[in-house]
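All chains, full assembly: derive it from the sequences and hints.
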Amino acid sequence: MTIEAAPVEARLQALCELSAQVRDLMDATALTDVQEPELTAVTAMLAEATARLRAVTRDTPRPFEIGPDGSLRHLGNAVTGGANPHALPLVVERDGAAVHARLSFRPMHEGPPGSVHGGISAMILDHLLGQAAAAAGAAGMTASLTVHYRKPVPYGTPLLARAEHVRAEGRKSWSEGQITALDGTPLVEATGLFITPTGWTTHPAPLP
Numbered sequence: 001m002t003i004e005a006a007p008v009e010a011r012l013q014a015l016c017e018l019s020a021q022v023r024d025l026m027d028a029t030a031l032t033d034v035q036e037p038e039l040t041a042v043t044a045m046l047a048e049a050t051a052r053l054r055a056v057t058r059d060t061p062r063p064f065e066i067g068p069d070g071s072l073r074h075l076g077n078a079v080t081g082g083a084n085p086h087a088l089p090l091v092v093e094r095d096g097a098a099v100h101a102r103l104s105f106r107p108m109h110e111g112p113p114g115s116v117h118g119g120i121s122a123m124i125l126d127h128l129l130g131q132a133a134a135a136a137g138a139a140g141m142t143a144s145l146t147v148h149y150r151k152p153v154p155y156g157t158p159l160l161a162r163a164e165h166v167r168a169e170g171r172k173s174w175s176e177g178q179i180t181a182l183d184g185t186p187l188v189e190a191t192g193l194f195i196t197p198t199g200w201t202t203h204p205a206p207l208p
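Quick note on the working numbering: the sequence shown kicks off at 1 and runs consecutively.
The hints are simulated quantities; they were obtained by calculation from the structure and are not laboratory data. We put the CB at the ideal spot given by N, CA and C, even for glycine. Hints may be right or wrong, so weigh each one.
Label-pair restraints from in silico Cβ distances [what the hints assert, rightly or not]:
| id | residue 1 | residue 2 | range |
| --- | --- | --- | --- |
| 1 | Trp200 | Ala41 | 44 to 54 Å |
| 2 | Thr40 | Asp95 | 49 to 59 Å |
| 3 | Ala44 | Glu110 | 20 to 30 Å |
| 4 | Pro63 | Thr142 | 34 to 44 Å |
| 5 | Glu93 | Gln35 | 40 to 50 Å |
| 6 | Glu38 | Thr198 | 48 to 58 Å |
| 7 | Glu38 | Thr185 | 39 to 49 Å |
| 8 | Trp200 | Glu110 | 16 to 26 Å |
| 9 | Glu17 | Gly118 | 25 to 35 Å |
| 10 | Thr198 | Pro152 | 33 to 43 Å |
| 11 | Val56 | Gly114 | 18 to 28 Å |
| 12 | Pro158 | Trp200 | 27 to 37 Å |
| 13 | Thr43 | Thr198 | 14 to 24 Å |
| 14 | Glu110 | Thr185 | 17 to 27 Å |
This is how it looks when you write it as structure tokens:
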């Protein structure tokens, strides 16, 4: 049986819209100051909604797949996946062997009061460093990640993130990147070592 592409895409769009609503819910939960009766009522509503979604489930989030435009996408990815409520989702653009993105963290990403948790910043940079390696034809798995925190990273503020592939030795490759304020002030800097597993194809990979 053949599944028509249009209904599949409509369903995926609805899934991404659901995930966006859940992100808003997570922020609202982190910031709400309503009283206990309202919290109890909302909790009951969410329990009912959760049960409806669990009526039919997958074993894992959505895998890599080819979109209708022929591009590779990963809607379940924790950084870029539109169908993953944990994701920003980050939109990554390529410039040769470098990648960049504009981003704005959310209240649910708070670590120190008023600032983004360092682990969230590291996750974003790990993803971008890996994408830079892939853009240079050296796609691999993270072997090490060194992060330097220069200044507190605010949430609710537009920021920039960039990474570039800097060198390769056999199956090893290194990328460097940073998250900055719009004026270029460094907030977080990172270097990553990536190792291409034996048997992997090592030509420039498409972005998810």
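17 to 27 Å was suggested as the range; check whether the CB atoms of Glu110 and Thr185 agree with it.
20 Å, holds
For the range 44 to 54 Å, tell me whether the beta carbons of Trp200 and Ala41 fit it or not.
51 Å, holds
Per the hint of 33 to 43 Å, is the separation of the Cβ atoms of Thr198 and Pro152 within bounds?
Because 41 Å falls inside the window, the suggested range holds.
Do the beta carbons of Thr43 and Thr198 sit within 14 to 24 Å of each other?
Hint violated: Cβ distance 49 Å, outside 14 to 24 Å.
Quick one: are Glu93 and Gln35 within 40 to 50 Å, going by C-beta?
For Glu93 and Gln35 the Cβ distance comes to about 45 Å; the hint holds.
Hint check for Glu110 and Ala44 - Cβ pair distance inside 20 to 30 Å:
Hint holds: Cβ distance 27 Å, inside 20 to 30 Å.
With 27 to 37 Å as the target window, see if Pro158 and Trp200 comply at their CB atoms.
Once the Cβ atoms are compared, 35 Å apart, the range 27 to 37 Å for Trp200 and Pro158 holds.
Indicate whether the distance between the beta carbons of Trp200 and Glu110 respects the range 16 to 26 Å.
Violated, since Trp200 and Glu110 (Cβ atoms, about 37 Å apart) do not stay within the stated range.
Range agreement (Cβ of Thr142 with Cβ of Pro63, hint 34 to 44 Å)
19 Å, violated
Tell me if the beta carbons of Glu38 and Thr198 are separated by a distance inside 48 to 58 Å.
56 Å, holds
CB-CB spacing for Gly114 and Val56 relative to the 18 to 28 Å hint
40 Å, violated
Hint check for Asp95 and Thr40 - Cβ pair distance inside 49 to 59 Å:
The hint (49 to 59 Å, Cβ to Cβ) holds, given that Thr40 and Asp95 are roughly 50 Å apart.
Violated hints, listed in ascending order, are 4, 8, 11, 13; each of the other numbered hints is respected by the structure.
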